[in-house]
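Chemist: Residues per chain, in single letters:
Protein chains: 2
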Amino acid sequence: MTSPFPSVPGGLYHRPSAFSGEAVRFSVTAFREGHDLIGVHLRLTSPSGIESLHRLTPLRDGFDRWAVEVAPHEEGVWSFRFEAFSDDFATWEHAADLKIAAGVDVPLMREMGALLLTAASRERDRPAAERRSLTATAKALRDSATSDDDALTVVRDPEIAAFFRARPLASLVTAGPAQELLVERERAGVGAWYEFFPRSEGAKRLRDGTVKSGTFRTAMKRLPGVAGMGFDVVYLPPIHPIGTTNRKGRNNTLTAEPGDPGSPYAIGSPEGGHDAIHPDLGTVRDFRAFVRAAHNNGLEVALDFALQASPDHPWVTEHPEWFTTLPDGSIAYAENPPKKYQDIYPLNFDNDPAGIYAECLRVVRYWVAQGVKIFRVDNPHTKPLQFWEWLIATVRADDPDVIFLAEAFTRPAPLQALAQAGFQQSYSYFTWRNTKAELEEFLTWISHDTADFMRPNLFVNTHDILTQYLQYGGRPAYKIRAAIAATAGATYGVYAGYELYENVARPGSEENIDNEKYEFKFRDWEGAEAAGDSLAPYLRRLNEIRRAHPALRQLRNLTVHWSDDGAILVYVKHLPAALSETGVADTIIVVANLDPHSVRQTTVHIDSSVFGIPAGHDYRVEDLITGAEWTWNQSNFVRLDAFFEPVHVLHVKESR
Amino acid sequence: MTSPFPSVPGGLYHRPSAFSGEAVRFSVTAFREGHDLIGVHLRLTSPSGIESLHRLTPLRDGFDRWAVEVAPHEEGVWSFRFEAFSDDFATWEHAADLKIAAGVDVPLMREMGALLLTAASRERDRPAAERRSLTATAKALRDSATSDDDALTVVRDPEIAAFFRARPLASLVTAGPAQELLVERERAGVGAWYEFFPRSEGAKRLRDGTVKSGTFRTAMKRLPGVAGMGFDVVYLPPIHPIGTTNRKGRNNTLTAEPGDPGSPYAIGSPEGGHDAIHPDLGTVRDFRAFVRAAHNNGLEVALDFALQASPDHPWVTEHPEWFTTLPDGSIAYAENPPKKYQDIYPLNFDNDPAGIYAECLRVVRYWVAQGVKIFRVDNPHTKPLQFWEWLIATVRADDPDVIFLAEAFTRPAPLQALAQAGFQQSYSYFTWRNTKAELEEFLTWISHDTADFMRPNLFVNTHDILTQYLQYGGRPAYKIRAAIAATAGATYGVYAGYELYENVARPGSEENIDNEKYEFKFRDWEGAEAAGDSLAPYLRRLNEIRRAHPALRQLRNLTVHWSDDGAILVYVKHLPAALSETGVADTIIVVANLDPHSVRQTTVHIDSSVFGIPAGHDYRVEDLITGAEWTWNQSNFVRLDAFFEPVHVLHVKESR
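Just so you know, the protein sequences line up as chains A and B, in that order.
Note that our numbering gives residue 7 to position 7 of the first sequence, counting from 1, and the numbers run on in steps of one.
Note that our numbering gives residue 517 to position 517 of the second sequence, counting from 1, and the numbers run on in steps of one.
Looking at chain A on its own, in the form it has when it is part of the complex:
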């Protein structure tokens, strides 16, 4: 046996992971010498010690791969191993079927069969009725009154075959090494996220032109609206005191005007650092009230964890050794030569790693104590990998519910290494994958190539990212990207303002003009929706569909299908009945017109065997967006008008 999966490539980390209820494909290469048939079992042991045996199916792909899908629920570290065995009944069945039919060695094959069935009839773990049946059949095989034709009927008897499928006659068992699979809570892999800046919610422009910041108490009022759209997580950018030294002004200018609130990423002021709350937002009591209000609305709160300091952070005076002191005695700003970020000091982990580790752990635990179980980590790839490995493991040893999302907008190697080191989620490259070819490759990559160790969180935009596709695609682009994110990803997210189609960029950049990082934003959610100028109803519908369809709350179950048009993307998400908590299979076909400026019509080609409908059979599909129904088969006409509904989200009514 070789190449067992799930697995982690690269050799640095060894434990693959899944979320509770995730359909995981266990597979292995298994073969033996010669022509005798083999079988393969997966032996699974749950964290509480419950063992189960799962029979693998040969893929018959020429590469000796075997696979079975299992959806583990219990959280914790599972153990799994593969066991290959000589399948003595199958070997006899294959030979006897050919030889008895050809009249070759018939008495011998009958006797060999009788011996096998007799051996099986003596196995104590078989039900008594089965044992009796096997004994009788063995006798019949040996009985000269039984004709050879009747003996062949025994060989081909589906009941006997079923006995051995359930309990094979296994000899020469080879067990592979025990391996681990970490199963985390469902929210580690499934959820709809909504990001907003609490200071903007309830902010008021005063008569003198200055702005009174929103607070946790005013921001709380936004929670029912977010929950009403069907989101699961609200993520807040940093809520800590903001430095004033070298504070950035609007649109990332170097000099702040009076009243400019500054970037919340310039963390720290005389009022405190990473464990403090910006006085304008309220107190830690207010924060706790906000967290409670979120929970009451069915929402979890995710906090930003941005390990950097403004020059005014208490760390700077208390622990100058945590930063880089230059030969001229100054502390080094963040920079990307010759660019400088003078409002931010990066941490230097080399001088006092133990001190920084302890302080970071203290900060995380402080917020965990305030009810926060999800952290969105800013730029984790600029801190040591070992630090994250240690921090995440240490935090989760006490509280395995804590989840970390990596903002790892970096190269594939560090991105994947962070996932392997413990991060539950990563934004991935979704925002920059917009064409059909890009998305086909990307969606296959996240759902198959990397799913054993990395979970993408498909944010459609962030406060830092407004892609050209959104800038120039008009309102259809917003629908298209939201529909793909919500259906292709088990976890996805939007940043507030997406529903208002905020699509004007700062010239020459890939981020919003008047970026909320540097100022307050005033938005009229209800007014926009009443005027029909909001995507909120569409997001609400997408989240409803996600809740109703377990196939959409899975990561690994996506297969790309085909269309004849270069802008029509087609994929299927399927959860078989055996793996679904509802006991009912669930299948969604997504057909998306990726060209936001056009009406396209083409033929869509579906391999329905992936959802249990044999090729050539009709099936009914319902568009969950419009309610339209059609009868589909292998090749199907579609017409997608970007200005009406650019995406079909089709429910297959009779999959298996």
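Among these hints, one or two may not hold up.
The list cannot tell twin chains apart, which means a pair is met if one copy fits it or any two copies do.
[What the hints assert, rightly or not] Only pairs whose alpha carbons sit at most 20 angstroms apart, straight line, appear in this in silico PhoX-like list of lysine-lysine:
id, residue 1, residue 2
1, 653, 99
2, 339, 373
3, 521, 204
4, 99, 340
Think of the hints as simulated: they come from the structure by calculation, not from any bench.
For this one, chain A is given, so just place chain B on it according to the hints.
Modeler: Chain B alone, transformed into the frame defined by chain A:
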């Protein structure tokens, strides 16, 4: 650091291998957090303990891969590990170059540079002249009389850069785990093989119509001819006594006629088994004389090792437990139901593995004692993998020069597992890869994807394989396949008769009619060559070219290039000067017309950067087959007449 290579995938075996002098690519994924620059070293330790350090080059492919090529010579187990380090000089050089030029932080950058150079000047392993130079440069950087422009000149000084390329200022060194690389003797990976049946060489048809078998003494006379064609290895099918029970007749018929010699794979008779010599061939003395004669002709002898027995083999009576006894008391023939091979009993390793292991080891050691160091193993995939792993390791522990070629005509998983378990070579799928697309994929696979653990022996035909391409391709097909095998594979082979274009198959099969396995063959080598009806001169020329060009005696150095014609295959084999024993770079471009029925002309596109010639530069090439010369560049016209010379083997005259 992750994903170190060379490596063995799958998890069953862990030691990659190479042959002495093979150019091996060592590579690893390496990165660190943030923007500081790193370097990577390969630390190699030879079997005798000599350590060397090799600097890796960043591939700048977006995947953080680093690589260096090394050609280890000493045979035995090498140890290698990668070491990544913070490259403090490179980080400063990058920042100082940008910042001093931009007038930012100039005094600081000068001081930081002075500190670095001073630190380097104190390193004891630097040459004294270098240390003096570094001290002086540090002083100049600090000297206010040095202008900023002059300071920038220091930053960009190629001499200083060379100091640090040779001995980087390394901090924060991270060492990867030590790994092993087995280096085997050159013949394990490089050679030209020639297969023939000794009984046919010198066989005589007598007056009464019967045939007198050739002997080792008569077969010996063929050796100068084989050596004269430039081959390195003669491989003999089994030379043991042949059973008479159920002996096969001509063309694999079930009944042998009197005088039919039988298949040499039906091993064993009252005259002996695997350690005996067929009396018709002579005695063990004669065999030893044959081996000596081969050596005197510069040839090694490879013996067949076919672990199966005729019903008349001594093992059958002495060790019936080594076979499968059926419930009716008979011993099981080989079969593939409902087909039976009644002249052969397969071994059953389950009843007495220790006994079979010991006997097989005894047999191999017996032939090693007779001077045989290469074994061609028949059907290894029908015997247990662990057996081969044990046998090969045990034999090689005493005599590391012994080489095993696997006749693993089976699926990729067992084929690769056998290679990983210790076989030095495998026939691979070469005979069935004939189109351009097939060959491009196959040659890339053998030279890159699997070369860390598997070495193909590109036999163009065997006594069992006469492909449709050869059956129907006429004489050009024979040239095309020989030229590709001899140039693409470091090891290749032909079975006797190939040079006579023997291309008639038994109807409906993929093997020769009147297969030599079941009868004597009478061939007139000299007569055919004198009449111009022999490929021998072409094979002779190919082997001469192989001997003259070290690039052709490498496996991993093949890159596929391009042509505009669907039947014109293009590839390059390049060995850089630093890795060549001659100290001179060697580059061969092969352009093959794969359509044996046509004259084709097209444009060939070459990326000359792979052999050190910058894109757009002219270079001279000489066709080593015809002697023609041309000036080539990126795009080149070719005309290949299958009926004249279907393949260009071009030597590049000025590669690096």
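Chemist: Please sort residue 653 with residue 99 into within, between, both or neither, judging by C-alpha distance up to 20 angstroms.
Modeler: neither (44 angstroms within a copy, 64 angstroms between copies)
Chemist: If the cutoff is 20 angstroms on CA atoms, where do residue 521 and residue 204 land: within, between, both or neither? Let me know, please.
Modeler: within (10 angstroms within a copy, 102 angstroms between copies)
Chemist: I want to check one pair: residue 99 and residue 340. Are their C-alpha atoms no more than 20 angstroms apart within a copy, between two copies, both, or neither?
Modeler: between (81 angstroms within a copy, 11 angstroms between copies)
Chemist: Between residue 339 and residue 373, at a C-alpha cutoff of 20 angstroms, which is it: within one copy, between copies, both, or neither?
Modeler: Classified as neither: same-chain Cα gap 35 angstroms, cross-chain 66 angstroms, threshold 20 angstroms.
The structure fails hints 1 and 2 (numbered hints given earlier, in ascending order).
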